[in-house]
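Enquirer: For reference, the chains in residue letters:
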Amino acid sequence: MKSTVIIFPGSNCDRDIANALQKYNFQNKMLWHNETELPKTDLVVLPGGFSYGDYLRTGSIAAKSKIITEVIKHSNKGGLVLGICNGFQILIETGLLPGILLRNKKLKFISKDVYVKVTNKNSKYFKEIKQKVLKWHIAHNEGNFFANKNIIKKLQDNDQIALKYCDASGGIKQDSNPNGSIENIAGILNEQKNILGMMPHPERAVNEDIYSNDGKFFFESLLT
Amino acid sequence: MKISVIVTLKKEVLDPQGKVIQQTLNNMGIKNVNEVRQGKYFEIEINEKDPNKAKDSAEDICKKLLTNSIVENYKIIS
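If you read the sequences in order, they're chains P and E. Quick note: the first sequence uses our numbering, first residue 39, plus one each step. Quick note: the second sequence uses our numbering, first residue 272, plus one each step.
So that you can see chain P by itself, here it is in the shape it has in the complex (with noise of 0.2 Å):
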C-alpha cells in the first residue's frame, strides 16, 4: 500500500508514523504542505504536533494549506486519509469531519497511556482487528471532542464513532474519560468511512520494547 506524510510547519509526528509505516510495508513518501499535487497514493497521513504553533485554533491555518485541496480531492474519490491527533484537528477544520476538538475539560495538556475501544469494525482502519480495547498514547491540550445533538446522533446511527475513551477492560466510564470529550470519543470516521481522524498515537506504539505494540494492530489491519 502506498502512503504519503504531508509535513506542515509545526509537525513532530510526522517521522513517527513515516517510521511506523515502513515498519509495516507501506510504501511511504513524504511531502511538504507547500506542493500542489498528491503522489500516487493510497493513503494520506495528517500527522500529529503543532502546526503553525496552534494559531487562532488549532490546524485552522494547516487546513487552508495548498495540499489539503488536493487531500479533500483524494478523499472524494474515496482515498483513505489519516489524521491523527493535530492531523484529526486539522481534518476537523477542512470540514471533512463534523464536531470540533475543544481545550481539555482540566485545561492541561494530557500526555499518558489511554485504554480506547474500538467501536467501530466495518472501517478499512478496523475491520481486522480482533483486540477490542488497545493501549495507545495520547498527547494534546485540544483533545476534548464536542458535537451538537444532532451530529452525535447521526454520527451513532452511521456507525461511525471509530474509538472511545476506556478502562482497561474496555468499560467506558467517566473514570477512564481523559479530556472530557462527549461520549468518550477519541476517534471518528466520516460517512463513507474512508477518513478517520482521532486522538491516540497509534504509531507510538510500534515497539515493545519502548512501551507498547498495540499500534501493530492497526497497521495490519490498514494493510490488509
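Since the hints were made in silico from the structure, they are not lab data. Even for Gly, the Cβ is constructed at its ideal location relative to N, Cα and C. There could be a bad hint or two in this list.
[Claimed, not checked] Heads up, simulated PhoX-like pairs for lysine-lysine below, C-alpha to C-alpha not over 20 Å straight-line: (1) 281(E) x 187(P); (2) 102(P) x 335(E); (3) 143(P) x 281(E); (4) 187(P) x 282(E).
[What the hints assert, rightly or not] Far from chain P, some chain E residues (derived; all Cβ distances over 12 Å): (5) 273; (6) 275; (7) 317; (8) 322; (9) 330; (10) 348.
Dock chain E against chain P, hints included.
Expert: Chain E alone, transformed into the frame defined by chain P:
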C-alpha cells in the same frame, strides 16, 4: 479602513478558561463575579474606502477563517 472583530464561544459551549478566571476572581475575594467568558479580538486593516465593502470583506474573513461556526460567534464592532 480598520475593522475590529470580536470572536466569542457560543453560550451553550463550555468555556473552561473563562470558568477558571471566574473561580480565580472569587478566590481573590472578588465575590460578585458570576460568570466570565473569554474571547478573541482582531484588528484588521482592509484596503477599502467604502465602509460597506470593508464590512462585507470582514464578514467573509470571519466566516472563512477567524471563526469555527460550530462553537463560535463573531461580532464586527467598527
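Enquirer: Hint compliance check: list the failing hint numbers for this structure, sorted ascending.
Expert: none
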